[in-house]
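Construct all of the structure, not just a fragment, from the sequences and the given hints.
There are 2 protein chains.
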Amino acid sequence: MITLIGVVAATCTTISFVPQVIQIQKTRNVSGISLSMYGILTTGVGLWMLYGFLIRDMAVFFANLITFALAMAVITLTVKERLSLAKKVVHQV
Amino acid sequence: MITLIGVVAATCTTISFVPQVIQIQKTRNVSGISLSMYGILTTGVGLWMLYGFLIRDMAVFFANLITFALAMAVITLTVKERLSLAKKVVHQV
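Chains as they are written, first to last, in my numbering: chain A, 7 to 99; chain B, 7 to 99.
Simulated from the structure, these hints should not be mistaken for lab results. Incorrect hints may appear among the rest.
Claimed, not checked - Result set (DSS-like, lysine-lysine): computed pairs, CA atoms no more than 25 Å apart in a straight line:
id, chain 1, residue 1, chain 2, residue 2
1, B, 86, A, 94
2, A, 32, A, 94
3, A, 32, A, 93
4, B, 32, A, 86
5, A, 86, A, 32
6, B, 94, B, 32
Structure representation (structure tokens):
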């Protein structure tokens, strides 16, 4: 039972970033998103990956690998959208 | 050394939501934030708290308690801002 709670917990925290990635791809709206948050988060998740690898815990490694990819997707999409918006502003000026 | 990596990883993933909370409080801009993401994340973090409590691992419990509070703050501020925006729209109509 305790293990099941851990598995559900890990699944939730890992897949939680999926709706954010989908929302950005659909709406292209990234204005309220904090890049500092995703920067610190990605660093932390990357270190969790390293930790999982070093202690040979593949569950920790792979769960964080997925979160790392999703958080990186949020960062990439946000930066891309902001650069594209900045370009539009420059063209308007 | 491995323990230190784990501690830095946990610190990063726990405090990463602080800049998002500060940004919302400063700018009141929540338009790009996915509430589905924070809903799933808060469920997962809540289950991690329960898991930490059940296996008597107070580090897991308290780290997730902080993340839980920060994610709840993002949800509360986002819902509050969206309700306030919706009210303004209703008044304009």
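Hints, verified against the model:
Distance restraint check for residue 86(B) and residue 94(A): the Cα-Cα separation of roughly 31 Å exceeds the 25 Å cut-off, and the hinted pair is therefore not satisfied. For the hint pairing residue 32(A) with residue 94(A), the CA-to-CA distance comes to about 20 Å; that is within 25 Å, so the pair holds. Simply put, residue 32(A) and residue 93(A) have alpha-carbon atoms about 20 Å apart, close enough for the 25 Å limit, and the pair holds. For a cut-off of 25 Å, the pair hint linking residue 32(B) to residue 86(A) stands: about 24 Å separates their Cα positions.
Taking the CA atoms of residue 86(A) and residue 32(A), the gap is about 14 Å. The hint holds against a cut of 25 Å. At most 25 Å may separate the alpha-carbon atoms for a hinted pair to count; residue 94(B) and residue 32(B) meet this at roughly 20 Å.
When the structure is compared with the earlier hints, a violation turns up for hint 1 alone.
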